[in-house]
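Undergrad: Generate the whole structure from the sequences, applying the supplied hints.
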Amino acid sequence: MSFCVNFPLFCVVACLLCAVISSVLKDKAARLVSMGLTLAVLLCNLFLLIYILQEGSSVTYLMGHYPHPWGNELRISILEPLFCLAFSCVLLLCLLGGRKHIKDDLREEKRNLYYVMADLVLSSLLVLSYTNDIFTGYVFIEICTLSSCGLLMIRQIGRTTLASVRYMIFSLLGSGLFLLGVVVAYSLTGQLLMPSLKASIASIYASGEYRTPLMAAICLITVGLCIKSGLFPFHFWMPDTYGCATPASSGILSGLVSKGYIFFLLKIIFDVFGTEVFYASGMQNVLYAFGACGIVVGSVSALRENDISRMIAYSSAAQIGYIYLGIGISGNLGVIAALYHILTHAMTKPALFLAAARLSDTAGGARRFKDLQGAGWANRTAGAFFTFEAFSMIGLPLTMGFISKYLFALAAFRTGVRMILTLVVLAVSTVLNTLYFARTVIRLYNKQETELRPCPMKKQASYAFAALLLAGVNVGCGVFVRPLLHLLSKGVDLF
Amino acid sequence: MKHNLRRWLAQWDAGELDFTAKTASPELPQPRAETEWSKEPVRRLERRQAAAFNRIYPVLAAILCTVMIGFLFFTVSELPAFGSSDSPAHNEVTKRYVEQGMAETGAVNTVSGVILDYRAFDTLGESHVLFTATTAVLILLLTAQEEAEPKQQREIMQRDPILRQTAKIVVPLAMLFGIYVIFNGHLGPGGGFAGGSVIGGALILYVVSFGFERLEKLLNLKTFRIIVLCALCFYSLSKCYSFFCGANGLETIFSAGTPGRIFSAGLILPLNIAVGIVVACTMYGFYSLFRRGRI
Numbered sequence: 001m002s003f004c005v006n007f008p009l010f011c012v013v014a015c016l017l018c019a020v021i022s023s024v025l026k027d028k029a030a031r032l033v034s035m036g037l038t039l040a041v042l043l044c045n046l047f048l049l050i051y052i053l054q055e056g057s058s059v060t061y062l063m064g065h066y067p068h069p070w071g072n073e074l075r076i077s078i079l080e081p082l083f084c085l086a087f088s089c090v091l092l093l094c095l096l097g098g099r100k101h102i103k104d105d106l107r108e109e110k111r112n113l114y115y116v117m118a119d120l121v122l123s124s125l126l127v128l129s130y131t132n133d134i135f136t137g138y139v140f141i142e143i144c145t146l147s148s149c150g151l152l153m154i155r156q157i158g159r160t161t162l163a164s165v166r167y168m169i170f171s172l173l174g175s176g177l178f179l180l181g182v183v184v185a186y187s188l189t190g191q192l193l194m195p196s197l198k199a200s201i202a203s204i205y206a207s208g209e210y211r212t213p214l215m216a217a218i219c220l221i222t223v224g225l226c227i228k229s230g231l232f233p234f235h236f237w238m239p240d241t242y243g244c245a246t247p248a249s250s251g252i253l254s255g256l257v258s259k260g261y262i263f264f265l266l267k268i269i270f271d272v273f274g275t276e277v278f279y280a281s282g283m284q285n286v287l288y289a290f291g292a293c294g295i296v297v298g299s300v301s302a303l304r305e306n307d308i309s310r311m312i313a314y315s316s317a318a319q320i321g322y323i324y325l326g327i328g329i330s331g332n333l334g335v336i337a338a339l340y341h342i343l344t345h346a347m348t349k350p351a352l353f354l355a356a357a358r359l360s361d362t363a364g365g366a367r368r369f370k371d372l373q374g375a376g377w378a379n380r381t382a383g384a385f386f387t388f389e390a391f392s393m394i395g396l397p398l399t400m401g402f403i404s405k406y407l408f409a410l411a412a413f414r415t416g417v418r419m420i421l422t423l424v425v426l427a428v429s430t431v432l433n434t435l436y437f438a439r440t441v442i443r444l445y446n447k448q449e450t451e452l453r454p455c456p457m458k459k460q461a462s463y464a465f466a467a468l469l470l471a472g473v474n475v476g477c478g479v480f481v482r483p484l485l486h487l488l489s490k491g492v493d494l495f
Numbered sequence: 001m002k003h004n005l006r007r008w009l010a011q012w013d014a015g016e017l018d019f020t021a022k023t024a025s026p027e028l029p030q031p032r033a034e035t036e037w038s039k040e041p042v043r044r045l046e047r048r049q050a051a052a053f054n055r056i057y058p059v060l061a062a063i064l065c066t067v068m069i070g071f072l073f074f075t076v077s078e079l080p081a082f083g084s085s086d087s088p089a090h091n092e093v094t095k096r097y098v099e100q101g102m103a104e105t106g107a108v109n110t111v112s113g114v115i116l117d118y119r120a121f122d123t124l125g126e127s128h129v130l131f132t133a134t135t136a137v138l139i140l141l142l143t144a145q146e147e148a149e150p151k152q153q154r155e156i157m158q159r160d161p162i163l164r165q166t167a168k169i170v171v172p173l174a175m176l177f178g179i180y181v182i183f184n185g186h187l188g189p190g191g192g193f194a195g196g197s198v199i200g201g202a203l204i205l206y207v208v209s210f211g212f213e214r215l216e217k218l219l220n221l222k223t224f225r226i227i228v229l230c231a232l233c234f235y236s237l238s239k240c241y242s243f244f245c246g247a248n249g250l251e252t253i254f255s256a257g258t259p260g261r262i263f264s265a266g267l268i269l270p271l272n273i274a275v276g277i278v279v280a281c282t283m284y285g286f287y288s289l290f291r292r293g294r295i
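In the order they appear, the protein sequences are chains A and B.
Counting from 1, one number per residue, gives the positions in the first sequence under my numbering.
Counting from 1, one number per residue, gives the positions in the second sequence under my numbering.
In case anyone wonders, no lab produced these hints; they're calculated from the structure.
Some hints could be false.
[What the hints assert, rightly or not] Listed below are the simulated SDA-like cross-link pairs for lysine to any residue, each with C-alpha atoms no more than 25 Å apart in a straight line:
| no. | chain 1 | residue 1 | chain 2 | residue 2 |
| --- | --- | --- | --- | --- |
| 1 | A | Lys110 | B | Cys230 |
| 2 | A | Lys459 | A | Arg107 |
| 3 | B | Lys95 | A | Thr60 |
| 4 | A | Lys110 | B | Pro161 |
| 5 | A | Lys447 | B | Cys245 |
| 6 | B | Lys95 | A | Lys26 |
| 7 | B | Lys222 | A | Glu109 |
| 8 | A | Lys26 | B | Pro259 |
| 9 | A | Lys447 | B | Trp12 |
| 10 | A | Lys103 | B | Leu221 |
| 11 | B | Lys95 | A | His65 |
| 12 | A | Lys100 | B | Leu141 |
| 13 | B | Lys222 | A | Gln156 |
| 14 | A | Lys370 | A | Val441 |
| 15 | A | Lys110 | B | Leu219 |
| 16 | A | Lys198 | B | Gly83 |
| 17 | A | Lys26 | B | Cys230 |
| 18 | A | Lys26 | B | Phe224 |
| 19 | A | Lys110 | B | Phe286 |
| 20 | B | Lys168 | B | Leu218 |
| 21 | B | Lys222 | A | Arg111 |
| 22 | A | Lys26 | B | Ile63 |
| 23 | A | Lys198 | B | Glu92 |
| 24 | A | Lys198 | A | Ser175 |
| 25 | A | Lys26 | B | Arg294 |
| 26 | A | Lys103 | B | Leu141 |
| 27 | A | Lys103 | B | Arg6 |
| 28 | A | Lys103 | B | Cys230 |
| 29 | B | Lys217 | B | Thr258 |
| 30 | A | Lys103 | B | Arg294 |
| 31 | A | Lys103 | B | Ala133 |
| 32 | A | Lys28 | B | Ser197 |
[What the hints assert, rightly or not] Beyond 10 Å from chain A on every Cβ pair, some chain B residues (computed):
| no. | residue |
| --- | --- |
| 33 | Ala61 |
| 34 | Cys65 |
| 35 | Met175 |
| 36 | Phe177 |
| 37 | Pro270 |
| 38 | Leu289 |
Glycine is no exception: its CB is placed at the ideal position from the N, C-alpha and C atoms.
TA: Encoded structure:
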């Protein structure tokens, strides 16, 4: 066994240590620690991914001296390092690109706490991806909930407190349902480690006993994680949450935290229930239906908004709908499309939030479209990146958004009866996406009578660098699709 | 028709169609006087909507809760009977914990053995949940102002002789008991979480009866942070070492010792102490922050 497989343990412990140490540091030192940590996690996961690809098989890593079903474990296959790589990359760029706003929006004595929370979010994302134990997952879901609330309410204007109360209620509802589901599964099987759980559940399912509790466990766990990630009927916390937080937090919450929960749900579907039992329960149809509704409702709500950040937030609700639609298509192709869309959204949405914040800065902090007229000319960098990311959300070729939509359409052809419905939903949502993004972009580049004061390039070097990297990754993954798809399909087989 | 649509689109583009004016305004709505409400026809309509919402909401909530409760009761009634010997939950997992737990971990108290040795990673996460919660409350409530607590109220509490005399007797006893529970965590019922909350309670009782000033010399924000920092760093580093050894098949330097002795069970005793410190600090920190906005 190579030394590489120890990296997940080191990364998690380093995140926890850095979080605790940052709580006594000054804000600049805490920022450097946080960024260095994220970069280190990124590199570790890159090495790990290369190692696993060379080995070609997944590795189980004992957390202590006891194998499953007794002790905690981590599991490393292809998807886990790949997604941790993406998550840490986006987190790093969010912190880098949102630096100015973190500085402006937060009070000085609390700025270091922001980075404490960012480190904790990273640790929970790592564990949610790597864990092989459903209860460890729950513990780190708690950390993720609390720290994302911290990231939200640390910008202390009254509205964020309101938003974080709402977010907290929904999030805790989700955690509670998830915990109930775990309890039911535990009383059925007496297991918490994923491989043993899967074996027990398969044998219980085959014996035909305890059918109701098994279904209840599947429902509770799935619904709990859906609520936490903001699937359609539970997306009402999104606009306030993403709209008022400091832009880096909006990016982290929308691009990473909700995606972490979805990845964990996929892991549970594959590693705990097993696809056979899960598809037999019919939950995928529920996910499909709510995903499809979420796409349409989210897009229509975005269309009705006059506030740029809230519009992007509603568009997030629609994108979450896409991901669940992919999971609901029930088949590896749908799951691959969903996974690819997780990456697309994680790369695109934070960039949009950052750009929108920069643009509204040039307009003197205004966020309504009426006041943003001509902001694209005043801040050319942010305007250009906003336009590019909007193209990616709409799904123009050469961007990741195009490939996502292509994959969803491809998966739709395998769904039989629902093919037409899926294609119609995709088409409608693409039209709606185009409508609201095109309107925003046209507004940004409309000439105004009173010119806005231009924002010089020098003042936003770190933002421009972060946005450039995000856009670069976007184009890279949108053009060189084959290797990434190959990785994803191999990962799904190994899940 | 065509003309209307065009006008509508132009309005939408100009942002004049305000679907969400109320929610989009960055400030919170100001509370209005009752007379002002009735003057505005639009507001009256809104009020009627709000009244309808208030009527429907409890009914819907009650229905939803009843359905949820019924569903959960039904699920529980279908579960294997609690304690029955043939339930699938009685398997090799609990068997090993009960039968070999003492030999493998050195802890007489199986619960401590499970949470701090077999499943130590969960507990590592759990103690960081406490840290996250304290930091989140710190973000929310830490204020720059000197004293959020009304002075008068504080003096009344402190002048109470019954409270002070009782606290003089109870606080040291409670502290001692908390320390006993922590140090005995691997030998009998107890452990870091239980003992830490007893100590936290004793600290709270102390500051209620004698005021914050005396304790502040010992425990201010700086020392508070350093104590938590040391406890959590020790926890993370020692467990990281033991996980690393376990995963790579190495022997650790910590041995199980003789079960029943106070210095036995390897890392469990020091970990219990670390957890106890974190729990006590968290409880005291919550109280202090909610009471006066600082530690």
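Undergrad: Please write out, lowest number first, the hints stated earlier that are contradicted by the structure.
TA: Checked against the structure, the hints that fail are numbers 4, 5, 6, 8, 22, 27, 28, 29 and 32, while the rest are satisfied.
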